[in-house]
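Here the protein sequences line up with chains H and V, keeping their order.
Take the first sequence: its position 165, counting from 1, is numbered 165 in this note's numbering, and each next residue is one higher.
Take the second sequence: its position 177, counting from 1, is numbered 177 in this note's numbering, and each next residue is one higher.
Calculated directly from the structure, the hints in this document are not laboratory data.
We put the CB at the ideal spot given by N, CA and C, even for glycine.
Some clues are possibly wrong.
Claimed, not checked - Just a few of them, taken from the derived set where beta-carbon distance is under 10 Å, the chain V residues facing chain H:
#, residue
1, Asn441
2, Phe589
3, Val594
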Amino acid sequence: MLKLEHAAVMTLVALCVAAPSSTVWAQEVEKSEEGVEKGEEEVDGGEEDVGGGEEEDQGPLLPEGMTLDEVLDRAEKPAPEDFPDPVPDDQFRFFLLVDQLEYRYDLEDEPDQVGTELQGYVGGDYNRLWLKSEGEAGWQGDAGFEGESENDLVYGRLISPFWHAQIGAQYANEWTEDKYEDIWAGALALQGLAPGMFELDASLYVTQNLNMLADLEAEYDIRITQRLVFQPRVELSFAAQDIEERGIGVGLTKVVGDLRLRYEVLREFAPYVGARYQGLTFETADLAEAEGEDTSRFFVLGGVRFAVY
Amino acid sequence: MSRRSFVKGAAAGLAGLAISPSLQAKSKPKGVAGNFSVLDASKPGGIDLYIERKDLLIDGKVGRPITINGSIPGPVIRMKEGREALMRVHNRLGESTSIHWHGMLVPFNMDGVPGISFPGIDPGETFTYKFDVRQNGTYWYHSHTGLQEQLGHYGQLIVEPEDDDPVDYDVEHTIVLSDWTFEDPTTAFKKLKTMEGYYNFQRPTIANLDDQVKATDKGLMEVIGKRLNWDWMRMDPTDIADITGSTYTYLLNGRSARENPTFTAEPGQKVRFRITNAATMSYFDFRIPGLPMTVVNADGQNVEPVETDELRIAVAETYDVVVTLPDDKAYTVFAEAMDRSGYARGTLAPKEGMAAKVPELRRRPMLTMADMGMVHGSMKMAKKAMGGEMEMAKPVKYEAHDEAKVSPIKNRTELPVKDLPTMVEHGPDEHGPGSITMAKNAYRQFDEPGVGLGDDNRRVLSYGQLKVLETPKDRRPPTREINLHLTGNMHQYIWGFNGKKWSESQMIRFKYGERLRINMINDTMMNHPIHLHGMWMDLYVGHEYGKNPRKHTVNVQPAELLTVDITADAPGQWAFHCHLLYHMKAGMFRTVAVVRDLEGEPIDAEA
Ligand SMILES: [Cu+2]
Chain H
1 MLKLEHAAVM TLVALCVAAP SSTVWAQEVE KSEEGVEKGE EEVDGGEEDV GGGEEEDQGP
61 LLPEGMTLDE VLDRAEKPAP EDFPDPVPDD QFRFFLLVDQ LEYRYDLEDE PDQVGTELQG
121 YVGGDYNRLW LKSEGEAGWQ GDAGFEGESE NDLVYGRLIS PFWHAQIGAQ YANEWTEDKY
181 EDIWAGALAL QGLAPGMFEL DASLYVTQNL NMLADLEAEY DIRITQRLVF QPRVELSFAA
241 QDIEERGIGV GLTKVVGDLR LRYEVLREFA PYVGARYQGL TFETADLAEA EGEDTSRFFV
301 LGGVRFAVY
Chain V
1 MSRRSFVKGA AAGLAGLAIS PSLQAKSKPK GVAGNFSVLD ASKPGGIDLY IERKDLLIDG
61 KVGRPITING SIPGPVIRMK EGREALMRVH NRLGESTSIH WHGMLVPFNM DGVPGISFPG
121 IDPGETFTYK FDVRQNGTYW YHSHTGLQEQ LGHYGQLIVE PEDDDPVDYD VEHTIVLSDW
181 TFEDPTTAFK KLKTMEGYYN FQRPTIANLD DQVKATDKGL MEVIGKRLNW DWMRMDPTDI
241 ADITGSTYTY LLNGRSAREN PTFTAEPGQK VRFRITNAAT MSYFDFRIPG LPMTVVNADG
301 QNVEPVETDE LRIAVAETYD VVVTLPDDKA YTVFAEAMDR SGYARGTLAP KEGMAAKVPE
361 LRRRPMLTMA DMGMVHGSMK MAKKAMGGEM EMAKPVKYEA HDEAKVSPIK NRTELPVKDL
421 PTMVEHGPDE HGPGSITMAK NAYRQFDEPG VGLGDDNRRV LSYGQLKVLE TPKDRRPPTR
481 EINLHLTGNM HQYIWGFNGK KWSESQMIRF KYGERLRINM INDTMMNHPI HLHGMWMDLY
541 VGHEYGKNPR KHTVNVQPAE LLTVDITADA PGQWAFHCHL LYHMKAGMFR TVAVVRDLEG
601 EPIDAEA
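Produce the complete structure using the sequences and hints provided.
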């Protein structure tokens, strides 16, 4: 059946082609269907001089020792197992961007800080395992080191050209010389590039105590020259309820505003200087004030941004 | 004392002091890139090609390219139409390799695409390529394995015609343009994948706002407004080339601009340049200031001679031009990278050692709203409308359909071959996360020379000027069409067709013997040189049907609607892909299966 239709189409081909030599081609094709042996003859036929005059049609180019039918059968099948991928376009990659590794000099009388922020992933184009981490530590004199960090490990999927939807867990901790506290939370996030070229990361957390928290980070690169980049950055934290033991009040709890000026010695290596404002807000600020703590801090900072891949 | 001998002396002196012998040996490679030979693959017994990693001086610095018979580019391989070509390829690399004969019609197992034609050539192995040569013209060859092409694995291929050559010339010179980096190509690919705009050092900045005001005659506020507009769309209007002169050294026959390769001819002689763009990612704008060029051949096919001052040569295309050396002066052969981040250069002169003035690089172009298919306020469209060619008729919609599951058309009706729609509107299908569909409309651009060209009073070649010299045999109207959107997500560096990478796709079926049409719709903001293996593409440029040019690689401009008709006369499986190496590597690739009929099951592309 298939063969019959095939022959019919080839005849159609022959009829449609205006040049007279095409008939020769069609005949050759049909011939090669008839017999295996003849297929070989055709391939070798090229060696003899065809002679001058018009270009002649010699039928399809076939691998040595294969008939047209065999080639057409082969064309129906996926590549043989021992063939490599012609374009391995689904390979896994590793990428780590240490966005902040910096020293923060406190402008008032609080202790200085060392701060980090990094994010990295392993995975392909659409599915990735992300690590997003943020932390700070300071030397408190006699009280020793104090610090805190938030570490999100999430699975992310590219749901639209610019947005990764992420789900996973957060491990947050706080420590002083004599106290270590930590808390686990489930995390949901949306990370990507918003219209206007804002890098955005919005995360929602439900802690092991069933408290709900949210975090919104936005940053924007303003290129001053090809290598000098000014980057404003804002981070807002929210809570859906009071968490007194952690000094958190409902609503907007904290605002962090950063300005960084970096020089891209390489795209993946840029030292920078900058400034930071960090303030507790609303009820959270009230709670801190009641404890006798400062509610806002100013820093000047310097550090390096780099990527590992 | 010349500088070189001084350096040598200094090195020797240092070596005497402390430098270890191994380091010294490494810093002194024997060869210089660009010393390639000419081989005749149609001679009895054929030829041998040795693929080998070797230290060579490239632009005066030590590189470690993949050489063919010791050189980059590889030897010029000549063949004779009507005879058999025989090449034994010996792999002396530590990895698999291959050679694809670009533009040559061959049995599918001789096409040299690992994974489609054959398994590749293992280290230490020899593969024998043997096929009948049934065409003539200028072609080229290159590795189809991994990113080897970036490392110098390419060369020119010339097929001499069996009959008289219609081109009249006295001397012939070959030009292989390419882009070289001392970086590991794998690293370059990683950078593209992870850090958008990594190589672009011509971005819009605060510092160049003023410059932009001067260049465009627009007010500062208008320029800022435009920038915010692009920002709003999350696009960069200077995204002209993914990899730029910031890492590339542009080469002409393996030589950098300052090495100035020279082509000699007697005054009054007609010189035929066979030009191949063997670059992985770089388009070149080619001109010889002071000399008009007559284009006589495109992609190996003779065309009606057309005189021009400049031509853009997309990656993987070839053009033959004839110029007459008018006097005993030197003329610069100038190939400017499309994004103006560098150039390759040579000299045409009566004798070695001469040089002419090297032109300044022009201002880097910026994309316009027209490149996004925005009709209103677009210069391109306005120009067209004024010329009366463009009817502002309602655009047609070409929906993307799953290219792997095209059902055969029961009533085979012939499709029109003239006056095809000038514009299509994008359908609702946004092709998923792998595609940022920027162009809401796509339109015919075969009369457009391309971004950054045509506004400085030079004549620039466009596809619309190409006419085949002799009408090829099969010019039946096609009876089936496939709409193929060229898609990409430049932010994530995902490239594909209809939003899918190769690994997500199934094979595209062509029915053996059929004439079919592919409407390519470029949804992206980049140019893509699309290459079909094994078969010709008859490019619709609005001529009488028999005169439309025949190509192996077609450049599709941003927001362009481009139509090719194909005779599916090559049974087997073939590659169809974007020839920007890193776009291909990122998935802008399909396997085409030329099969008995269209009704079969979808064929998985991946084994
Ligand atoms: Cu491309």
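A quick look at each hint next to the structure:
1. Hint status for Asn441 (chain V): violated, given a least beta-carbon distance of 19 Å to chain H, over 10 Å.
2. For Phe589 (chain V), the suggested interface contact is upheld, since its CB lies about 5 Å from the closest CB of chain H, less than 10 Å.
3. Hint status for Val594 (chain V) relative to chain H: holds, with the closest Cβ pair at about 6 Å, below 10 Å.
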